[in-house]
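Chemist: In the order they appear, the protein sequences are chains G and U. First residue of the first sequence: -10, per this note's numbering; consecutive thereafter. First residue of the second sequence: -10, per this note's numbering; consecutive thereafter.
Simulated from the structure, these hints should not be mistaken for laboratory data. Misleading hints may appear alongside valid ones.
You can't tell identical chains apart in this list, so a pair holds if it fits in one copy or across any two.
[What the hints assert, rightly or not] Straight-line Cα separation of at most 30 Å, DSSO-like style, residue types lysine-lysine; simulated pairs:
# : residue 1 : residue 2
1 : -3        : 162
2 : 125       : 1
3 : 162       : 1
4 : 125       : -4
5 : 162       : -4
There are 2 protein chains.
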Amino acid sequence: MSDVPIKKLEPKIRQGLVVILTGNGKGKTTSALGMALRACGHRQRTIIVQFMKGDLYSGEWDGVELLAPLVTLHHTGKGFCGIEGNPYPHSEHRANAQEALLLVEDILRRDQCDLLILDEINNALQLALVDLEQVKALLALRPPHMHLVLTGRDAHPELVAMADTVSEVREIKHAYRRHIEPQPGIDF
Amino acid sequence: MSDVPIKKLEPKIRQGLVVILTGNGKGKTTSALGMALRACGHRQRTIIVQFMKGDLYSGEWDGVELLAPLVTLHHTGKGFCGIEGNPYPHSEHRANAQEALLLVEDILRRDQCDLLILDEINNALQLALVDLEQVKALLALRPPHMHLVLTGRDAHPELVAMADTVSEVREIKHAYRRHIEPQPGIDF
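Turn these sequences into a full structure, and let the hints guide you.
Modeler: Right, here's the structure in full:
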C-alpha cells in the first residue's frame, strides 16, 4: 500500500539479550511466541521449553508446527502446580521441572538455537519446582549470541537485575472476570 | 516428555473478544503476533494491519509468510509520525492511515478473518492520524465471532472501556537505555 523506502537495521555489535516478561496480565507467553515468529524472519532458530504447561491444549502447540524446523516447542509439565483441579503432588511437578532443566542445559551447552524461551520458568521458580541457583547457572551457560527469554509471573528480583530488558504485563481488565469463558485464538 | 492426559477447552459460548495491548514496554505488537501464531493452531484466519509501520524492516514481515495462507500482514505506514528522522508531514501520515481504515472496514464488512489485529492503531489515534469516532465505527462493524486486537501506547479510555481484555505492558528496564542497539529476533 505504501511506497516508502524500507530500511533494515543491522547492529554494529550483535549480542544476545536476556528478556523477562512478567506481571499478572495477559500477554507474556503470547509475546514470547511473537518473538519466535519474528525471529523466523531473520532465519533464526528458536526453541521453546514450556514449564508446567502440558495438560491443557493451547493453539501454539500446533501453530509452531508451521514454523518447523525453525521453531521447536517442548511442553514438559503436568499443569499448574497447586491450582484447583490439578491432581499431581508438588514432588511430581518438581521432578518434571528438574527434567526440563536438564533439557535446557543440554540446549545451552550444545548451542542449539538463537532464541531460547523458558516459558513460565518464573512461576516454576516461585513455586520451588526449580531453584534460583539453578536458573542462574543456566544463565551463566548462555552463549553470548543467544537470546534468552524468561516468562511468568513473579519474576525473581535477582533475575530482573541480571536481565537486559524486562516488561511487566499488568492486567487492566480481563474477560474472565465477567465470566466470559476462555476463547480459542485469544486465551489458548 | 510428560505423559499426562491432555484436556482441550471448548467454550460453551463462542464469542469474539476485543483485546487492547497498551503501555510503554516491549511486548505489545509481539504479543499480538503470538496470538496470530496461536490462532493458527485452531486453524483460524488472521489479518494484521500495521498502522504507521512500513519504513523499517521487522522480522514478522517474513515470519508470517510461513503461516500463509492463515495469516496475512499489511504494513500500511510511512514510519512513526513525528519521530526524529521521519521525513513525512502529518498530512501524508494521516492520508496513509485513512487508506488503511478503508482496508480494515472492507475486512470487517466482508468478514474475512477470525482474528483481526490493528497494530499501533492506538498511536495512530493519539497522533490524530485517525479519529476516535472512526475507530468506534470499526468496532461496531465487528462480526460477533471475530477477535479484534488493538495495540499501541496511550490507548484511548473510551476504547479501554469497550474492550473485553486490556493489558498494560510496562517497561521495567530496556536494553536501549544502556545503549545496546536493537537486536534482530528481539527488537525487530
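Chemist: Each hint should be assessed against the structure and marked as holding or not.
Modeler: Structure-based check of all given hints:
no.	hint	in the structure
1	-3 to 162	between (36 Å within a copy, 25 Å between copies)
2	125 to 1	within (28 Å within a copy, 43 Å between copies)
3	162 to 1	between (41 Å within a copy, 22 Å between copies)
4	125 to -4	neither (37 Å within a copy, 33 Å between copies)
5	162 to -4	between (37 Å within a copy, 26 Å between copies)
Checked against the numbered hints given earlier, this structure breaks only hint 4.
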